[in-house]
Amino acid sequence: GAVVSQHPSWVICKSGTSVKIECRSLDFQATTMFWYRQFPKQSLMLMATSNEGSKATYEQGVEKDKFLINHASLTLSTLTVTSAHPEDSSFYICSARLGEQFFGPGTRLTVL
Amino acid sequence: DQQVKQNSPSLSVQEGRISILNCDYTNSMFDYFLWYKKYPAEGPTFLISISSIKDKNEDGRFTVFLNKSAKHLSLHIVPSQPGDSAVYFCAASASSGNEKLTFGTGTRLTIIP
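Protein chains in written order, with the numbering used here: chain A, 1 to 112; chain B, 1001 to 1113.
Bear in mind the hints are in silico, worked out from the structure with no lab data behind them.
Using N, Cα and C, we set each Cβ at its ideal position, and we do this for glycine too.
Careful: at least some of the hints might be erroneous.
Claimed, not checked - Here are the computed lysine-lysine pairs in the DSBU-like style, where the Cα-Cα straight-line distance is at most 30 Å:
1) B:1005 / B:1054
2) B:1054 / A:55
3) A:41 / B:1100
4) B:1071 / B:1100
5) A:66 / B:1071
6) B:1068 / A:20
7) A:64 / B:1005
8) A:14 / A:55
9) A:66 / A:41
10) A:41 / A:64
11) B:1068 / A:41
12) A:64 / B:1100
13) B:1071 / A:41
14) A:64 / A:14
15) A:55 / B:1100
To be verified - The calculated label-pair distances, taken between Cβ atoms and stated as ranges, are:
16) A:61 / B:1041: 17 to 27 Å
17) A:15 / B:1054: 43 to 53 Å
18) B:1029 / A:72: 24 to 34 Å
19) A:15 / B:1095: 33 to 43 Å
20) B:1007 / A:87: 23 to 33 Å
21) A:110 / B:1003: 26 to 36 Å
22) B:1055 / A:17: 50 to 60 Å
23) A:100 / B:1041: 13 to 23 Å
24) B:1008 / A:72: 15 to 25 Å
Stated by the list, open to error - Covered by chain B, per the in silico footprint, the following chain A stretches (three or more residues, Cβ under 8 Å):
25) 39-45
26) 97-105
The whole structure should be built from the sequences, with the hints applied where relevant.
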């Protein structure tokens, strides 16, 4: 139990385009999901907390207009990176809370 | 401001011996601590956690120790196995785990056969 999936697992896009990443809790409902970002050889940094049916809470320094989060159902949260730039290239990981946080496998984003 | 620190970026241990991974934190509001194991290009996998009301929690080969006065926790793995080779992150949370997680920088553990 407590499986979290992410789609896609990797994506390459051109600078200036938008990319949507999905996070799904497969066997449980999660009112709260989290989005993290990990740059090479660095820690996981929380970007935002996604709450079902309400606006996401963004961490300091994370642009809410650039990283759009939608948590429309109890099993799905989406992160859209708008107008992506090469510096947005990173490993994006979501988690869903069921007591503990269970993490998805991550999405590798490369912006050319 | 790195509130959770893992000062050893890497650690090599002989198979069968004990692996000890350390973590320090600065925020006294943290009252719940977790250890995660992570392979490259994968999400972290939960290993073990401890509440601040305890000083030790054990689960099979994994034991976590918490020293609140020193703001220090450690993960002991014994005996170490080759499959334990991975990056280990400690994480901390306030409000008994209901708040966001703050992760350490990770320690790469290599088990030598």
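Status of the hints after comparison with the structure:
1. Restraint check for residue 1005 of chain B and residue 1054 of chain B: the C-alpha separation of about 21 Å stays at or below 30 Å, so the hint holds.
2. The suggested pairing of residue 1054 of chain B with residue 55 of chain A is violated, with an alpha-carbon distance near 35 Å, which exceeds 30 Å.
3. Between residue 41 of chain A and residue 1100 of chain B the alpha-carbon distance is near 21 Å, which keeps this suggested pair within the 30 Å criterion.
4. With a C-alpha separation of about 19 Å, the suggested pairing of residue 1071 of chain B with residue 1100 of chain B holds against the 30 Å cut-off.
5. Taking the CA atoms of residue 66 of chain A and residue 1071 of chain B, the gap is near 36 Å; set against the 30 Å cutoff, the hint is violated.
6. The hinted pair formed by residue 1068 of chain B and residue 20 of chain A fails the criterion: a straight-line CA distance of about 41 Å is larger than 30 Å.
7. For the given pair, residue 64 of chain A sits about 27 Å from residue 1005 of chain B by alpha-carbon distance, which is consistent with the 30 Å threshold.
8. Restraint check: the Cα-Cα separation between residue 14 of chain A and residue 55 of chain A comes to about 28 Å, which is no more than 30 Å; the hinted pair holds.
9. Taken as a hint, the residue 66 of chain A and residue 41 of chain A pair is honoured in the structure, with Cα atoms around 24 Å apart against an allowance of 30 Å.
10. Taking the CA atoms of residue 41 of chain A and residue 64 of chain A, the gap is near 25 Å; set against the 30 Å cutoff, the hint holds.
11. With a CA separation close to 28 Å, the supplied pair residue 1068 of chain B and residue 41 of chain A stays within the 30 Å bound.
12. Taking the CA atoms of residue 64 of chain A and residue 1100 of chain B, the gap is about 18 Å. The hint holds against a cut of 30 Å.
13. Taken as a hint, the residue 1071 of chain B and residue 41 of chain A pair is honoured in the structure, with Cα atoms around 24 Å apart against an allowance of 30 Å.
14. With a CA separation close to 21 Å, the supplied pair residue 64 of chain A and residue 14 of chain A stays within the 30 Å bound.
15. Between residue 55 of chain A and residue 1100 of chain B, the direct Cα distance comes to roughly 16 Å. Compliance with the 30 Å bound is thereby established for this hinted pair.
16. At roughly 25 Å, the beta carbons of residue 61 of chain A and residue 1041 of chain B sit within the given window of 17 to 27 Å.
17. Residue 15 of chain A and residue 1054 of chain B have their C-beta atoms about 49 Å apart, which keeps the hinted 43 to 53 Å range intact.
18. The hinted window of 24 to 34 Å between residue 1029 of chain B and residue 72 of chain A holds, with their beta carbons roughly 32 Å apart.
19. Checked against the hint of 33 to 43 Å, the pair residue 15 of chain A and residue 1095 of chain B passes, with Cβ atoms roughly 40 Å apart.
20. Distance hint for residue 1007 of chain B and residue 87 of chain A: a CB-CB separation of about 28 Å, consistent with the stated range 23 to 33 Å.
21. Taken as a hint, the range 26 to 36 Å holds for the pair residue 110 of chain A and residue 1003 of chain B, whose Cβ atoms sit roughly 30 Å apart.
22. Taking 50 to 60 Å as the suggested C-beta distance range, the pair residue 1055 of chain B and residue 17 of chain A conforms, at roughly 51 Å.
23. For the pair residue 100 of chain A and residue 1041 of chain B, the supplied restraint of 13 to 23 Å holds, since their beta-carbon distance comes to about 22 Å.
24. At roughly 42 Å, the beta-carbon separation of residue 1008 of chain B and residue 72 of chain A lies outside the given 15 to 25 Å, and the hint is violated.
25. A count of 4 residues in the segment 39-45 of chain A with a Cβ less than 8 Å from any Cβ of chain B is obtained; the coverage claim is therefore met, three being the minimum.
26. Judged by the Cβ-Cβ criterion of 8 Å, the segment 97-105 of chain A is covered by chain B as claimed, because 7 of its residues qualify and three suffice.
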